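Respectively, the protein sequence lines represent chains A and B. Going from the first sequence to our numbering is simple: count from 1 and add 3. Going from the second sequence to our numbering is simple: count from 1 and add 3.
Bear in mind the hints are in silico, worked out from the structure with no lab data behind them. Here the structure is a predicted model, which is why all the values come from computation and not from measurement. Every residue, glycine too, gets a C-beta built ideally from N, C-alpha and C. Be a bit skeptical, because a hint or two may be false.
[Unchecked claim] Partial chain A-side listing against chain B, Cβ under 10 Å, derived:
{"no.": "1", "residue": "95"}
{"no.": "2", "residue": "98"}
{"no.": "3", "residue": "109"}
{"no.": "4", "residue": "139"}
{"no.": "5", "residue": "142"}
{"no.": "6", "residue": "190"}
{"no.": "7", "residue": "286"}
{"no.": "8", "residue": "287"}
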Amino acid sequence: MFEAILLTVITASTPLVVAALGELVTERSGVLNLGVEGMMIMGAVCAFAAAQLSGSPYVGILAGIFGGGLFSLLFGFLTLTLVANQVATGLALTILGLGLSGQIGEVFVGQPGIKLQPIVFPILSDIPFFGRVLFSQDLIFYLSVALVVGINWFLFRSRTGLKLRAIGDSHSSAHALGINVIRTRYLAVMFGGACAGLAGAQLSLVYTPQWVENMSAGRGWIALALVVFASWRPWRILAGGYLFGAVGIGQLHAQIVAQNLGIVIPSQFLSALPYAATIVVLIIISHNRRTTLINTPASLGKPFVPDR
Amino acid sequence: MRIELQKRANVSTLFSIISPLLALLLTLVFGAIMFWLLGKSPLGSLYIYFVEPLLEVWSLHELAVKAAPLILIAVGLAVCYRSNNWNIGAEGQFTIGAITGSILPVLYPEWHSWAILPMMMVMGVIGGALYAAIPALLKTRFNTNEILTSLMLVYIAGLFLDWLVRGPWRDPKGYNFPVTKSFQVEAVLPEILDSGRAHWAFIFAIVAAMALWFMMRFMLKGFEVSVLGQSERAGRFAGFSARRMAWFSMLLSGGLAGLAGISEVSGSIGHLQPSISPGYGFTAIIVAFLGRLNPLGIIASGLVLALTYLGGEAAQAALQISDKAARVFQGMLLFFVLSCDTLIHYRIRLILAGGKTAEARA
């Protein structure tokens, strides 16, 4: 029973972790992309479509990554090349993504999907208690863990990561030092898009292997909150992602438990829990202005036009 | 080839006017391409989408019905965005306004008095404003990002409405459908003309747009909105408070969204049900930007976006194109509006590979 719950929590948390990690890199470079929800749903529909047409969920994963990355390029062009308002453009990306994915996915509604099968590590998965939970998962879960480690190394141990953080804290200084601000930001935005696309692929290939319109159901926005929660640190995204995932799964189990005990809790109240929890967490994290100011990349959301 | 931006010395008045039109044109071109990809005649489809709904009286009424909530919400959002407060939860404030406004007709269906309608409208405004007060409070008191909190509240409001109409407020004689009792005649917003469905919400919308236009243009409050939006520091020197502005703009936009909510339920639907809006609260964001955050511009852009809803319905019937095409149009439009707005502040130069500069005046 406990193992089963843990497995569902992991499945529910993985897309949040992956999408938030991508957005973290984008925001560390000083760009605020509010289009995570749109990129995620585009990733989900591309992944589902590719998996259906090719018959392989792995082609689906690639398509999801590619779809999300390509879609984020639109955001990059507007905000980086044309210096459009980042908040408004992010919203535009979400609105367009939800519409476009509905249009693309129309033919796939109701089709049974192809579920991504777990990759089982022999021996390791036989370890009692956590063996099956950790070593008998699908590729995207392993990728999510690798991403946490990799991004942490990249941001805090590599030269390019240092440059990326420098751009996020002061694009003018970084530009004066000869770092190519726009190019780095383009790459960071595309990385964020690719991660959101991968998260979307997880939704339509693992979490619920089918295509349903608006199936991201606000997860992209929760991922955005997760970045604030994690104060822009990769390890905390992992912790926060599992916390949010657990709240989401916890409410499902609470419904069953309450039913068995004969207590009537309207299902809508429990469904609202993850959203309410997000608000509460944001309050706790943000209420101290000083620490928020220290943690936030200093030029986050500010437009940059290179002077030539 | 490279694109380079050069800051204009002055904001271009010419492009302030041309930019939204250019965006519309680009959307039409890309829309035609989309129809062509879907295997439909591009021009014929555009005609059905954007011209046919304008040819008949009843569909002009429908246009006003759809434009009313969009304009009401968008003029409030424009004040928010101008003052740098990012309320994107208008959909939730719309829902809560609809709920609080419906308290009287749902609980007192036998109360037949002319007084019920004005009271419903006021309660809708209060409900929407109070719901917007949550992100305002969290922003000013706890420094919480209003974008995320206002959006999370949209989901919560939707679930709350769902619970109400399936639970305590469900009509016991409604054959188990999740709807409330139909409102009594006195609680229904009257139509403006005898010729069609357009009701008073459209007049509310025009009045609200005019009033906010006047405020932004001739009153100190409007100046305060613009100054604080452009530079909080400059605003502080003038004695303006960003904190109070956050409250003002959020309550204003929430109240207007609430009014839109109760007018829609009272005038167009006649009862509460799980879904009362085809995303008006989100589409209004596009309306606000297409209208260049100017209340008068928003009247025009509200009508344009209302047309995409109508065209979407017409195209669904005539061309078997799904209604999702409307959302694609709306998303594309916002993208083009935002890109074209660059032309107002910058001159764009295309730098070709050979180092030759081709000055694109457009």
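Cross-check of the supplied hints:
no.: 1; hint: 95; result: holds (4 Å)
no.: 2; hint: 98; result: holds (4 Å)
no.: 3; hint: 109; result: holds (5 Å)
no.: 4; hint: 139; result: violated (33 Å)
no.: 5; hint: 142; result: violated (30 Å)
no.: 6; hint: 190; result: violated (17 Å)
no.: 7; hint: 286; result: holds (5 Å)
no.: 8; hint: 287; result: holds (9 Å)
Hint compliance for this structure: hints 4, 5, 6 are broken, all remaining hints hold.
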